[in-house]
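Enquirer: Take these sequences, add in the hints, and give me the full structure.
Listed in order, the protein sequences are those of chains A and B. Per the numbering used here, the first sequence runs over residues 11 to 634. Per the numbering used here, the second sequence runs over residues 11 to 634.
Hint data in this document are derived by calculation from the structure and do not stem from the laboratory. Incorrect hints may have been included.
Same chains, same label: a pair holds when it works inside one copy or across any pair of copies.
Below, in silico cross-link-like pairs of lysine-lysine (BS3-like), each with a Cα-Cα straight-line distance of 27 Å or less [to be verified]:
id, residue 1, residue 2
1, Lys-17, Lys-94
2, Lys-224, Lys-251
3, Lys-224, Lys-502
4, Lys-94, Lys-387
5, Lys-387, Lys-251
6, Lys-387, Lys-592
7, Lys-495, Lys-419
8, Lys-94, Lys-62
9, Lys-502, Lys-479
Residue-level listing of the chains:
Number of protein chains: 2
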Amino acid sequence: MKRQEYKIIFEPTGRQVFVLPGTILLEAAAQAGLIIQTPCGGAGRCGKCRLKVISGACPPSANCRTALSEPDLAQGYRLACHAKIQGNLVVEVPATSLFESQQQILVQATGEPMELSPAISKRFVELELPSQADSRSDVERLRTVIPPLVFNPVGIRMLRLLPGIFRRQGFRGTAVIVDGELVDVEPGNTTSLCYGVAVDIGTTTLVGTLVNLKTGLDMGVEAKINPQTSYGDDVISRIRKCREEANGLAQLQRMIIGAVNDIVDALVRAAGIDRVHIYEIVMAGNTTMQQIVCGIDPSALGELPFVPVFTDAPDLESSDLGLDINPCGKVYVFPQIGGFVGGDTVAGIVASHLDRGTETVLFVDIGTNGEIVLAHKGQMMATSVAAGPAFEGARISCGMRATNGAIEKVVMDGDLRMNVIGNTRPAGLCGSGLVDTVAELLRTGLLDPTGRLRTPDEIPSDAPPALRKRLIEKDGHVDFMLAGKTETGSGKSLLLTQRDVRELQLASAAIRAGISILLEMAGLQPMDLSRILLAGGFGNFIRRNHARRIGLLPPIPCERIRFIGNASSMGAKRALLSVAEKQSASVIARSVRHVDLSLSPEFQTEFSAAMLFPEDDPGKDCEG
Amino acid sequence: MKRQEYKIIFEPTGRQVFVLPGTILLEAAAQAGLIIQTPCGGAGRCGKCRLKVISGACPPSANCRTALSEPDLAQGYRLACHAKIQGNLVVEVPATSLFESQQQILVQATGEPMELSPAISKRFVELELPSQADSRSDVERLRTVIPPLVFNPVGIRMLRLLPGIFRRQGFRGTAVIVDGELVDVEPGNTTSLCYGVAVDIGTTTLVGTLVNLKTGLDMGVEAKINPQTSYGDDVISRIRKCREEANGLAQLQRMIIGAVNDIVDALVRAAGIDRVHIYEIVMAGNTTMQQIVCGIDPSALGELPFVPVFTDAPDLESSDLGLDINPCGKVYVFPQIGGFVGGDTVAGIVASHLDRGTETVLFVDIGTNGEIVLAHKGQMMATSVAAGPAFEGARISCGMRATNGAIEKVVMDGDLRMNVIGNTRPAGLCGSGLVDTVAELLRTGLLDPTGRLRTPDEIPSDAPPALRKRLIEKDGHVDFMLAGKTETGSGKSLLLTQRDVRELQLASAAIRAGISILLEMAGLQPMDLSRILLAGGFGNFIRRNHARRIGLLPPIPCERIRFIGNASSMGAKRALLSVAEKQSASVIARSVRHVDLSLSPEFQTEFSAAMLFPEDDPGKDCEG
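Expert: Rendered as structure tokens:
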């Protein structure tokens, strides 16, 4: 029973396989995950599959001698489709010999170079017509130009369509292959029309990005409030609806799928493409959002011990969810870690490469749920805290998303100066503007460390009079006027209320308490952190010094804090562009240790402590 | 990038894999396709996963020392879940350590011992309830007792059902795993209720066998006329209906699915089981039948160059076809070879092990299409001929299937003696009776070699008078009376007409011509054949000497002719009982050379020659 096997190493990737004597190089390469192109169907005629044997003996076959030149043969080139393996080899694979969809295209799309290898590939084919000399089956005929290694099963739907398609189109068209399955042969050459959508499914905000899967480039972004917010701001309210109402889950799922379809609609219209050429949607959200979007009951997340239904990424088609893209399109929902720590966290880790470094790094994703991941000594632990939607502009009296009209930056020197998105009149306050305002109020002494807005009488005597005038006493508490009626032009002034400050305190304290506990568990001090990665779906960035000023982040130098934007969206986009990133996501979801703060007696203590703003900016030496 | 790998050989199967240092034995075994049981979830407590290291060093871990006795350790036993690989090893896998569904159970079900490893496995589980200390997801919880190697993806349908099932059933029940996918968790322990149905989809006859997948034993057989025969006897008439009528395919598919459901109905009723416990149907038929049953247009099989749509076995669920078994049941349709040579031939090769031997063997499957396979020097070639349904009792004036009342054996000595199935009065003639009658008429000289029934005046003078009396002249031709009105009791006599003889001549000549051409192509004489395997769905067997007497088979000694029964049904049953047999089927379908006789100018010549019966029994020396 024992059989001799040879080791074949493929460069430049270094992938290696063991094969039986006599195996052809083409098969060995496929075993190593390298799909070599064979336009002539492996007949040994076209020479496109040539590989270079760097080390080891591999005598050229008759076909090699016919199809390759003497100098090429001398250099070690062989036809992968004919060269039989007779011993251990090291083989170099020229990029030009790889099947089109595997050619490494480096794109900057997601911030850093990556291999473009989406789950979807398209290939224009013109097949020989059947003849008495070649009466192979329709599927086999297609395999002459697309090897079985690229697509394997042909589903029953496609088997039923294929004979009609081939004979209508004269055995020509564009084969669409999704995750190794043939799903269509479109008329004509549509290879350039290949798109996907990455969606960050937030509790409060949905962000969709249209991506060209051939180039890796973004083609548009659309954001939208999660319509489920009409049933409550946080995941608990959504879970309760699923638990208590017979149709609650179906209703919430319909809402969110409708909103994703609206986003797709807007993206398709703005980009001027056909939705039928969108072949994949990747979605990342917390466990509750992901289960609802899939139509999976999240009830068990609503009570101790907070159990999700799945952790591995489920395998879905667009029709399973009613998503309005190509009817055979695929849906990828990120794997989950546990409790409330879901796919958005995994996507954030994918985007930030937290799993690859060796430094001690803290990742904080600020949303309605705050997700915190600590990477230390090659291990990761993650937790989730209920922050509420304040950072997304919700539950704040004049809060809004970071769109046109939002005050996104506030500076107080003499009087209040502000940046308004779109350079229009101010219409409200977005997350970064809120943090700025509170930080500046603390700095100028208008707000005390307990979070109480001081009365004009209580503030420091050196406070600028223009700011003093903005403090408005009413019913025993104080509000702060951001913009008067004349400035807004809407007939209404914009106020930061005492209640708004409390909302921010709660949100900030929850996240800070989570951070403190993870640091404690790892036995670390804030200064042990090489880096803090601050993620969030804000339109603009939170000022680092202000995040520290309000106590959201622990006192470490600003240069160690990096804002990385919507990491969940970025991770989703990476998964869309490369199956390798999906594999990373699976490994990440399995390896991150989930910390359930409902079990931690320290959380309430830390939370209470964090409710107090720091007396002074703990790191005001550096600029944000 | 180069990494050291170790070779691990698993006995007694001899399977080997290469793994990285530090890999645990459990994973290495899984890589070799051996699923080791781990009731404690791989915690190193239960000791059930123990394997014996026969050669190579594998120091016991702390867990090994705790869970295993000193003598066991000394003998080389290690815990697969904890023993880390540090070098090349040979490891013996005790059957008791294998996951239940992999334990080799040798059954005689299909004529010879085989490993029982159906695509379906069931496992009763009682999971720990979720707690604060263990808040893993529902799917992960199930994986503590069923490793990911046994089931991997959990489809969206199941993800939606699982949380409800688990909480209703208190995290207990029987997990049903089909082809590596979890499809149900049934209440209670239903592990013993696990059935499948193997169906031979003939152009004329359907035969279904109910099989117990736990024991490998047959539980019943039901046969039924293919209701499509109302649209014509042969595949060409069915193809024509699909080509010419908009709803032709749908109508024919509905008919055959209805008939298979009727067979399932009858099997379920006779065996007293619930159809929900039938988890797989395996079907084998010719290319036309298989495509129609799948709802795949066979039109291209109706014109040159006779192109089927698929060759690889399609992946189907019962709901894809409307088959009335478990709603998540699987359907396996055999891979096809080409032209009209379809899954029934592949199934026949699987059943007869034609692919494994080194002898020169001819396989002849007699049905409405006759399929002929020649195995010679490790190569196989196959062809299909249109024989018509005479051998199945159709298109013969008094023909019938081999059921109660059928004359299945005829001997002529002095007068005519017959065996009637069920020992009742004769009601008609089945295939073997037809061949007997014609062979005996030839022997006694009542039939001349051209196939003409002689008049009483023309027959040899020594012919028994009782036989002579049975020759009835009418309208210028002669019929032969098998049974008079008084014998049948139906008021009608049974006649073998001149036209019936012609039908048998056509059927027999087509098959014989096919045999002759394959032999010619291989440069063989009949006597070069070590064996002829005669397959067919007859209820009883054709007498070998008579098959040779009428020229159906070439002149070789009877002892080399073996009747193997319904090989297509047997092969279907083997595929039902073992996934390895399905893999064999794939290899067979790809490796058999398809011979298209429509291309062979010799076919008409051979066919004409074979229309003449041999002058004398070419091998009468031996008994049938």
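Enquirer: Are any of the numbered hints broken by this structure? If so, which, sorted upward?
Expert: The structure conflicts with hints 2, 3 and 5, although it agrees with all the remaining ones.
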